[in-house]
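Novice: One-letter residues, chain by chain:
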Amino acid sequence: MTSRRDRPDISTAADSSVGPERFARYVQPHIPLLFATAHTLTRNPVDAEDLVQETLLRAYRAIDRFDGAYPKAWLLTILRNTNINRAQKKRPYLFDDPDDPAAEVPDTVTPEDLIVDPVFDHAVQAALDDLPPNFRSVIDLVDVNGLSYAEAADLLDIPVGTVMSRLHRGRRRIRSRLSPETLNNRPQEKPR
Amino acid sequence: MMTLISDVMNRLMGRLTCRETLELLQQHLDGELPADQTRRVAEHLDHCRLCNAESDIYEQIKQAIMTSGVADPDVVQRLERFGERVGNGEIVD
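Protein chains in written order, with numbering that gives the first Met the number 0: chain V, 0 to 191; chain D, 0 to 92.
Chain V on its own, in the form it takes in the complex:
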């Protein structure tokens, strides 16, 4: 799970630091990202906090075996595996199929679906909140948490093409739900 945003730390080639130093160097800077990602996966702040705590403990136990390359990807893998284990313990016989067509909404939008909130950011948020969870998760991981397509795909255990498809359809759905009035009232200055 690597990307252009997570280049290996070349200076670690001969890293002989001890556990606490390595933990402070490779793990602690990524705690905000781990929480944001855990929140996306669990949709619950309490579960997300528990998940990050367990992830940190597992990372600490494994830190001496970590080679120092791609720490973000390494941590996200631990987070993903921890989340899978927790989910299996919680509901061992239940699973849902995120690609079940019944779980998705059609891309066609009726006039009643249009969000007329003149404040652009509010309208986008309302449209985002109405997305099916499988679309919402991908958008959160890429747009909010800043993960690459490959990282989001690994975390959700789906192909990169599915990430792209859900991302594009989700954003198109959001865009199509904004009323002309909302679009006319969007910020004039291009965000850079």
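Derived by calculation from the structure, the hints in this document are not laboratory data. Fair warning: this is a prediction, and the values are worked out from it, not measured in the lab. Ideal Cβ positions, reconstructed from N, Cα and C, are used throughout, including at glycine. Misleading hints may appear alongside valid ones.
[What the hints assert, rightly or not] Calculated Cβ distances over 12 Å to all of chain V for the following chain D residues: (1) S5; (2) N9; (3) T16; (4) I64.
[Stated by the list, open to error] Where chain D lies over chain V, by a calculated footprint (3+ residues, C-beta under 8 Å): (5) 33–45; (6) 71–84; (7) 134–142; (8) 163–176.
Position chain D against the provided structure of chain V, taking the given hints into account.
Specialist: For chain D alone, kept in the frame of chain V given last:
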């Protein structure tokens, strides 16, 4: 008709068509395209008012989503303190 003419013009100029550009637009905004395709999409956007407007809308949607996801700073601080204690070996399980 306008789109057709525009597509022919773009083809003649060696540029991407509007349809090709819009297909690549999301990857372009996410920084997921290779450099040569990034350049070609940017070139089309520089010359096409409609695609440029569409790109602006999606860029602003992306920006609105980004700013919506600010994590609770108290929880993050609590986790950072927890992380320090784990790193210091104060919590092992």
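Novice: Now, for every hint given, state plainly whether the structure supports it.
Specialist: Now the hints, each set against the structure:
1. Look at S5/D: its CB is around 21 Å from the nearest CB on chain V, clear of 12 Å, so calling it non-interface holds up.
2. Every Cβ of chain V is farther than 12 Å from the Cβ of N9/D; the closest lies at roughly 22 Å, confirming the non-interface assignment.
3. No Cβ of chain V approaches the Cβ of T16/D within 12 Å, the least distance being about 18 Å, so the stated non-interface status holds.
4. Once the 12 Å rule is applied to beta carbons, I64/D is inconsistent with being away from chain V; the minimum gap is 4 Å.
5. Here's how the segment 33–45 of chain V fares: 5 of its residues keep a CB closer than 8 Å to some CB of chain D, so the rule of at least three is met and the hint holds.
6. Proximity of the segment 71–84 of chain V to chain D, defined as three or more residues with a beta carbon under 8 Å from a beta carbon of that chain, is not established by the 0 residues found.
7. Residues of the segment 134–142 of chain V lying with their CB closer than 8 Å to a CB of chain D number 4, which satisfies the three-residue condition for coverage.
8. As drawn, the segment 163–176 of chain V meets chain D at 6 residues by the rule of a beta-carbon pair under 8 Å; at three or more, the given contact holds.
The structure fails to meet hints 4 and 6 from the earlier list, while all remaining hints are met.
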